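One-letter residues, chain by chain:
Number of protein chains: 2
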Amino acid sequence: MTTKNSIGIVKTKIFKSSNSLRLQSGKVLKEYSLVYETYGKLNAKRNNAVLVCHALSGNHHLAGKYSSKDKHPGWWDNLIGPNKPLDTNKFFVIGINNLGGSDGSSGPKSINKKTNKPWGSKFPITTVEDWVNSHEALITYLNISKLAAVIGGSLGGMQAIQWSIQYPEKIEHAIVIAAAPNLTAQNIAFNEVARQSIITDPDFNKGNYYEKKKLPKRGLRIARMLGHITYLSDDVMGSKFGRKQKNKSYQYDFNTEFEIESYLNYQGDKFAEEFDANTYIRMTKALDYYDPANGNKKNLSKIFKKIKSKVLVVAFTSDWRFSPNRSKEIVKALLDNNINVKYAEITAASGHDAFLMTEPRYHAILESYFKEMLRN
Amino acid sequence: MTTKNSIGIVKTKIFKSSNSLRLQSGKVLKEYSLVYETYGKLNAKRNNAVLVCHALSGNHHLAGKYSSKDKHPGWWDNLIGPNKPLDTNKFFVIGINNLGGSDGSSGPKSINKKTNKPWGSKFPITTVEDWVNSHEALITYLNISKLAAVIGGSLGGMQAIQWSIQYPEKIEHAIVIAAAPNLTAQNIAFNEVARQSIITDPDFNKGNYYEKKKLPKRGLRIARMLGHITYLSDDVMGSKFGRKQKNKSYQYDFNTEFEIESYLNYQGDKFAEEFDANTYIRMTKALDYYDPANGNKKNLSKIFKKIKSKVLVVAFTSDWRFSPNRSKEIVKALLDNNINVKYAEITAASGHDAFLMTEPRYHAILESYFKEMLRN
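For the record, the sequence lines run as chains U and R.
Counting in the working numbering, the first sequence runs from 62 upward without gaps.
Counting in the working numbering, the second sequence runs from 62 upward without gaps.
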């Protein structure tokens, strides 16, 4: 048996495009940068590259650590590495921080060369379609003419399916996990509450807060607390926290009485220290806007006609943010076009967040899917 | 056929108790006031009184209007009135604004006689148990020794069942609608996000804002927007709003793009103008604390042993805040004690809010239940 090691120490690279990018909004980024990481080696045929797309709060740092002292590996380290389901001994894995992000790619926090100040509110809203275009520019720069696969969960899964639509000749497999063909009204509603809590935070200052002393942490904190509720299932919250109290008896005040409250407050505080509010509201907008079928379910089959890749769709039973039924809409529209699609519905208690967890059946399916890819 | 009229013009009354009330928290209210309304006539036997308990944002104004120019009748006007399911030709109906409320009963907004200023943060947290005790004081004052029924939805339903536990000799029927024997971790989580959005609003000023120019409207607005998502089902949001856009094409900015966003913002704005933040956070606390079984499901049967009333439990299929399964926990614990319980699970799309709607099958069940009461 081979040991499943971490990829080890990794480095971030930067891709600077001097080509302009016309965005879906009509605005144009005259130039832009993308930070990215790669693990494993590109083979001689240059056909073993797997692009990993991140979700709302993710980034390019998928696996490994930046130094031996680094406490936290990349966000998908349980999946990606030597002999792991996405095996870096076999595949060349690419992670990119999306445009509008705040981890090094062009975004509201980066410097606008025109003004020599952070973009702030002036950084345009970018969409899944824009991201896919920028990914393609990086892939071209890396001299990869066809990706073995694009994989992602949640918003990342939307990018994987969109890659198949937008560059059908340049993708062999799309792996779409815990995703949906668009957001429901309820999904949009949660996003809007999160955005409003940030935008109405007096420290938000219309998005121009980088040069102020105060960041809009209050709003970001509330947004993250709310997000966390939707990432977990009712059941897993019940089994993890239930009505467990902090103290033996009620205190009858507005401090936290229940462990679930402490957990949420802790998650909110931590996130508000680390993440950028302007990026958060932009990522939720990209989610809201994504809708390849343009409001008409029937259109999805028409749009999917373009797809030439094979597709793996994975959903989790307890995911109420993007329920299995939403994944099945994708599967149906693919089948309408006789596209080679595999669908796995994983019985898992942990809700939407399951896509990030080391759920054995889930990882086994990905592992066998990637192994199958190597045989063909 | 008799016409179903509104009760017409109604008046608010006030009950001032000079008896002190020991609260569950151990604190004591030396004196307190309750505003209330009554409709219909108390019969000679004084046995036709029905107490209606309100939920989070409700109050004592159940039905009718305050003047002919009044645009909005009481919050349960579709249920209560002459020839309506809760027929004021037959029953004497009582509505009370709970302690901690802000519509006239003693609460954070009312004057603390000690200081001659609004109580603000100093008003103690009151619980379902405290409310039931204060209701009982009013009932005694009205010279009613036994209520024909106590009815309520959501947090109001918790009061109805608690009435049966706390004053088993003084209640003939409990009607428990869209309720639960306690909150789940997810329920508490949503409440905590709402509270944190209020408490961290800079204008909240630790609850002492009545004498300031600014009210903590931002936080209350977010809390209400979030609440609204949980009152509606995913399905009804989908059929009412779906992905309907405000404009023909996306604007790519942070204004509202979708009708669901406008709806939520409108609801949030309206509520923040009308409701009191201190009351809101206190009502959510009463919800969190309510747990007659004290954290142990099995205890519920033991606690229910005291109950002498008959019980009607009503749940709505699409209610994900207090799902039918939670109502069934109540039913089971009642059956364990051979209590006369009827259970109705109504197929309704509108989620938790269904208890406020004119759903024919739901109203028909209440109507026949009340008629049955008159026969016995």
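It should be emphasised that the hints constitute simulated quantities derived from the structure, not laboratory data.
Since the structure is predicted, the reported quantities are computational estimates derived from the model, not experimental observations.
Hints are supplied without guarantee of correctness; some may be wrong.
Identical chains blur together in the list; that is why a pair holds if it fits in one copy or across any two.
Okay, derived cross-link-like pairs now, DSBU-like style, lysine-lysine, Cα gap no bigger than 30 Å in a straight line [said to hold, decoys possible]:
{"#": "1", "residue 1": "K307", "residue 2": "K183"}
{"#": "2", "residue 1": "K389", "residue 2": "K305"}
{"#": "3", "residue 1": "K358", "residue 2": "K77"}
{"#": "4", "residue 1": "K175", "residue 2": "K77"}
{"#": "5", "residue 1": "K106", "residue 2": "K183"}
{"#": "6", "residue 1": "K359", "residue 2": "K305"}
{"#": "7", "residue 1": "K358", "residue 2": "K305"}
{"#": "8", "residue 1": "K106", "residue 2": "K305"}
{"#": "9", "residue 1": "K369", "residue 2": "K207"}
{"#": "10", "residue 1": "K366", "residue 2": "K267"}
{"#": "11", "residue 1": "K130", "residue 2": "K72"}
{"#": "12", "residue 1": "K130", "residue 2": "K309"}
{"#": "13", "residue 1": "K278", "residue 2": "K267"}
{"#": "14", "residue 1": "K106", "residue 2": "K366"}
{"#": "15", "residue 1": "K151", "residue 2": "K77"}
{"#": "16", "residue 1": "K309", "residue 2": "K91"}
{"#": "17", "residue 1": "K273", "residue 2": "K91"}
{"#": "18", "residue 1": "K331", "residue 2": "K267"}
{"#": "19", "residue 1": "K358", "residue 2": "K307"}
{"#": "20", "residue 1": "K178", "residue 2": "K363"}
Now for the hints, and whether the structure bears them out:
1. K307 / K183: between (44 Å within a copy, 23 Å between copies)
2. K389 / K305: So K389 and K305 pass the 30 Å test across copies only (22 Å; inside, 36 Å).
3. K358 / K77: neither (38 Å within a copy, 60 Å between copies)
4. K175 / K77: Close inside one copy (16 Å), not across copies (69 Å); limit 30 Å.
5. K106 / K183: neither (42 Å within a copy, 73 Å between copies)
6. K359 / K305: Between copies, since 16 Å is at most 30 Å while 46 Å is not.
7. K358 / K305: Classified as between: cross-chain Cα gap 13 Å, same-chain 43 Å, threshold 30 Å.
8. K106 / K305: Cα proximity of K106 and K305: none, with 56 Å in one copy and 47 Å across.
9. K369 / K207: within (12 Å within a copy, 74 Å between copies)
10. K366 / K267: Answer is neither; intra-copy 42 Å and inter-copy 58 Å both fail.
11. K130 / K72: within (14 Å within a copy, 71 Å between copies)
12. K130 / K309: neither (39 Å within a copy, 53 Å between copies)
13. K278 / K267: both (14 Å within a copy, 18 Å between copies)
14. K106 / K366: Classified as within; 28 Å inside a copy, 76 Å across copies.
15. K151 / K77: within (28 Å within a copy, 79 Å between copies)
16. K309 / K91: between (60 Å within a copy, 28 Å between copies)
17. K273 / K91: within (27 Å within a copy, 49 Å between copies)
18. K331 / K267: both (23 Å within a copy, 23 Å between copies)
19. K358 / K307: Classified as between; 19 Å across copies, 47 Å inside a copy.
20. K178 / K363: neither (44 Å within a copy, 67 Å between copies)
The structure shown violates the earlier hints numbered 3, 5, 8, 10, 12, 20.
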